[in-house]
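Model the full structure from these sequences, guided by the hints.
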Amino acid sequence: DAGVTQSPTHLIKTRGQHVTLRCSPISGHKSVSWYQQVLGQGPQFIFQYYEKEERGRGNFPDRFSARQFPNYSSELNVNALLLGDSALYLCASSLLTGDGVADTQYFGPGTRLTVL
Amino acid sequence: QKEVEQDPGPLSVPEGAIVSLNCTYSNSAFQYFMWYRQYSRKGPELLMYTYSSGNKEDGRFTAQVDKSSKYISLFIRDSQPSDSATYLCAMRTYSSASKIIFGSGTRLSIRP
Chain A
1 DAGVTQSPTH LIKTRGQHVT LRCSPISGHK SVSWYQQVLG QGPQFIFQYY EKEERGRGNF
61 PDRFSARQFP NYSSELNVNA LLLGDSALYL CASSLLTGDG VADTQYFGPG TRLTVL
Chain B
1 QKEVEQDPGP LSVPEGAIVS LNCTYSNSAF QYFMWYRQYS RKGPELLMYT YSSGNKEDGR
61 FTAQVDKSSK YISLFIRDSQ PSDSATYLCA MRTYSSASKI IFGSGTRLSI RP
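One line per chain: the protein sequences are A and B, in this order. So for the first sequence, my numbering puts the first residue at 1; every next one is plus one. So for the second sequence, my numbering puts the first residue at 1; every next one is plus one.
Mixed in with the good hints there might be a few duds.
Claimed, not checked - Listed next, the in silico SDA-like pairs over lysine to any residue satisfying Cα-Cα at most 20 Å (straight line):
(1) 70(B) / 50(B)
(2) 42(B) / 104(A)
(3) 56(B) / 2(B)
(4) 2(B) / 44(A)
(5) 42(B) / 16(A)
(6) 42(B) / 41(A)
(7) 70(B) / 110(B)
(8) 99(B) / 19(A)
(9) 30(A) / 99(B)
Treat the hints as calculated values from the structure; they're not laboratory data.
And the structure:
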């Protein structure tokens, strides 16, 4: 079975530009979450989507937005890129929302974004 | 103060040694505790998942949770060079959906 897939693998942008990252969850998984991992740090939660609705949001500015499509794939959009947005962006999928349930999240390989 | 504290290492041990990795946390509402392994330029891979306090064993890996001390550990027995990676502790509350809080990771190197 295919795991979580993300595209592109690498991306180089300049300050002020916009970027769209894509994620396809494991087949049958309805929940997708996005994380930002800065070099040398653990992942930080950005968003969770379940059944196309936002179910959770981390402490990130409004420049970050996301959506989930009917096939449960997801996009993360970042506007007005800053140098500090350079990071590995991880997508994770799970069967359920995780509300009160031991629900495992499976991570994709990530998209490495460099902002110059 | 960070919600989850983890010694960044690096930690270098000889092959076959027992490895002990630890995290402390401040939020007493955390109930689900996880350890992820992350190889260079890869996404995190779930190793162990524990609910509340106690021990859980899976092959060469043992996870321990002490909620009274707000302290979790991962032990690796008979360590192998292939265990060389960054190990991330992670945890979440009962009701906070997928908002997993990660430690900063410990870089582990097993010397052949």
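- Query: When you check the alpha-carbon spacing of residue 70(B) and residue 50(B), does it fall within 20 Å?
  - Reply: 14 Å, holds
Holds or violated: are the alpha carbons of residue 2(B) and residue 44(A) at most 20 Å from each other?
12 Å, holds
Worksheet item: Is the Cα-Cα distance between residue 42(B) and residue 104(A) 20 Å or less?
Response: Between residue 42(B) and residue 104(A) the Cα gap is close to 18 Å, so the pair holds against 20 Å.
Exercise. Starting from residue 56(B), check that the Cα of residue 2(B) is at most 20 Å away, please.
Key: 26 Å, violated
Given the hinted pair residue 70(B) and residue 110(B), is their alpha-carbon gap at most 20 Å? 28 Å, violated
Open item on the list: Hint check: residue 42(B) vs residue 41(A), CA-CA at most 20 Å. Holds or violated?
Closed with: 14 Å, holds
Checklist entry - Is residue 42(B) within 20 Å of residue 16(A), Cα to Cα? => result Given pair residue 42(B), residue 16(A) is violated - Cα atoms ~27 Å apart, limit 20 Å.
Given the hint that residue 30(A) pairs with residue 99(B), does the C-alpha gap stay at or below 20 Å? Roughly 16 Å between the alpha carbons, so the hint for residue 30(A) and residue 99(B) holds.
**Asked** Taking 20 Å as the top limit, are the C-alpha atoms of residue 99(B) and residue 19(A) close enough?
**Response** 23 Å, violated
Going through the hint list in order, the structure does not satisfy hints 3, 5, 7, 8.
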